[in-house]
Amino acid sequence: MLIGVMPSDHGRKEAADPAARAREICLRQLETRPRSHAELAATLGRRGVDPDTAEAVLARLIEVGLVDDKAFATALISSARANRSLGRRGLVHELRRRGVDVEVASAALADLDTLDTHDEEAAARELVRRRMPAMDRLPNQVRARRLTALLDRRGYHPDLVVRVVTEELTDGSLD
1 MLIGVMPSDH GRKEAADPAA RAREICLRQL ETRPRSHAEL AATLGRRGVD
51 PDTAEAVLAR LIEVGLVDDK AFATALISSA RANRSLGRRG LVHELRRRGV
101 DVEVASAALA DLDTLDTHDE EAAARELVRR RMPAMDRLPN QVRARRLTAL
151 LDRRGYHPDL VVRVVTEELT DGSLD
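Numbering (the UniProt record's numbering), first residue to last: 1 to 175.
Each hint should be verified, as a subset may be incorrect.
[Said to hold, decoys possible] Quick list of the computed label-pair ranges, beta carbon to beta carbon:
| # | residue 1 | residue 2 | range |
| --- | --- | --- | --- |
| 1 | Asp159 | Ile62 | 32 to 42 Å |
| 2 | Val142 | Arg96 | 27 to 37 Å |
| 3 | Val64 | Thr170 | 17 to 27 Å |
| 4 | Glu167 | Asp50 | 17 to 27 Å |
| 5 | Val64 | Glu167 | 33 to 43 Å |
[What the hints assert, rightly or not] Calculated lysine to aspartate or glutamate pairs in the DMTMM-like style (CA-CA distance at most 25 Å, straight line):
| # | residue 1 | residue 2 |
| --- | --- | --- |
| 6 | Lys70 | Glu31 |
| 7 | Lys70 | Asp101 |
| 8 | Lys70 | Asp52 |
| 9 | Lys70 | Glu103 |
| 10 | Lys70 | Asp136 |
| 11 | Lys70 | Glu94 |
| 12 | Lys70 | Glu126 |
| 13 | Lys70 | Glu55 |
| 14 | Lys70 | Asp17 |
Derived by calculation from the structure, the hints in this document are not laboratory data.
Glycine included, every Cβ here is placed at the ideal spot set by N, Cα and C.
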């Protein structure tokens, strides 16, 4: 009997304190992975949280350091470069998709600009070298088209794409 009473009491508490409900939604979201302010705001909107309540809760989460778009953008850039081999354009797209503010994204990408462009070229070459063995039986023209498309999807600059694919195919065909 007691079990049947508890859920309705719990539901009343949730309804009585929309800020607690919004905070709980945000904390659950943050348990799985870091989120941007915009991602959390969108989640709260989809869950029917009042916009004023949502902003108040998000402001408090920012204040205590649980939501930090600058740190989020920096971590996203680092992770996307290392795990998904994204180029600069791909990183910009990913930051936009996650709702990171333009100024915050620009600042995070400015830190990336201080890195040597050689790092981006090395990442593109490594990606091409990893994919080439699966294309051994294909004509060079087909390999070039597929590798170019791969690097383009990952957001590498077109000049870099053409140079890397051309050089890697030339080096690979001489072996």
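Tested hints:
Take Asp159 and Ile62: their Cβ atoms lie about 39 Å apart, and the range 32 to 42 Å holds. The supplied range of 27 to 37 Å is met by Val142 and Arg96, whose beta-carbon atoms lie about 32 Å from each other. Judged by the Cβ atoms, the range 17 to 27 Å given for Val64 and Thr170 is violated: they are separated by roughly 55 Å. A C-beta distance of roughly 57 Å is found between Glu167 and Asp50, which places it outside the suggested range of 17 to 27 Å.
Checked against the given bound of 33 to 43 Å, the beta carbons of Val64 and Glu167, roughly 50 Å apart, lie outside it. Annotation: proposed proximity of Lys70 to Glu31 holds, straight-line Cα distance about 19 Å (limit 25 Å). Taken as a hint, the Lys70 and Asp101 pair is honoured in the structure, with Cα atoms around 9 Å apart against an allowance of 25 Å. For a cut-off of 25 Å, the pair hint linking Lys70 to Asp52 stands: about 23 Å separates their Cα positions.
With a C-alpha separation of about 10 Å, the suggested pairing of Lys70 with Glu103 holds against the 25 Å cut-off. For the given pair, Lys70 sits about 43 Å from Asp136 by alpha-carbon distance, which is inconsistent with the 25 Å threshold. Of the pairs offered as hints, the one joining Lys70 and Glu94 holds, with about 14 Å between alpha carbons and a cut-off of 25 Å not exceeded. Our distance criterion of 25 Å between C-alpha atoms is broken by Lys70 and Glu126, whose separation comes to about 29 Å.
Taking the CA atoms of Lys70 and Glu55, the gap is near 18 Å; set against the 25 Å cutoff, the hint holds. Using a Cα cut-off of 25 Å, the hinted pair Lys70 and Asp17 is violated, with the two alpha carbons roughly 30 Å apart.
This entry does not satisfy hints 3, 4, 5, 10, 12, 14, going by the numbered hints stated previously.
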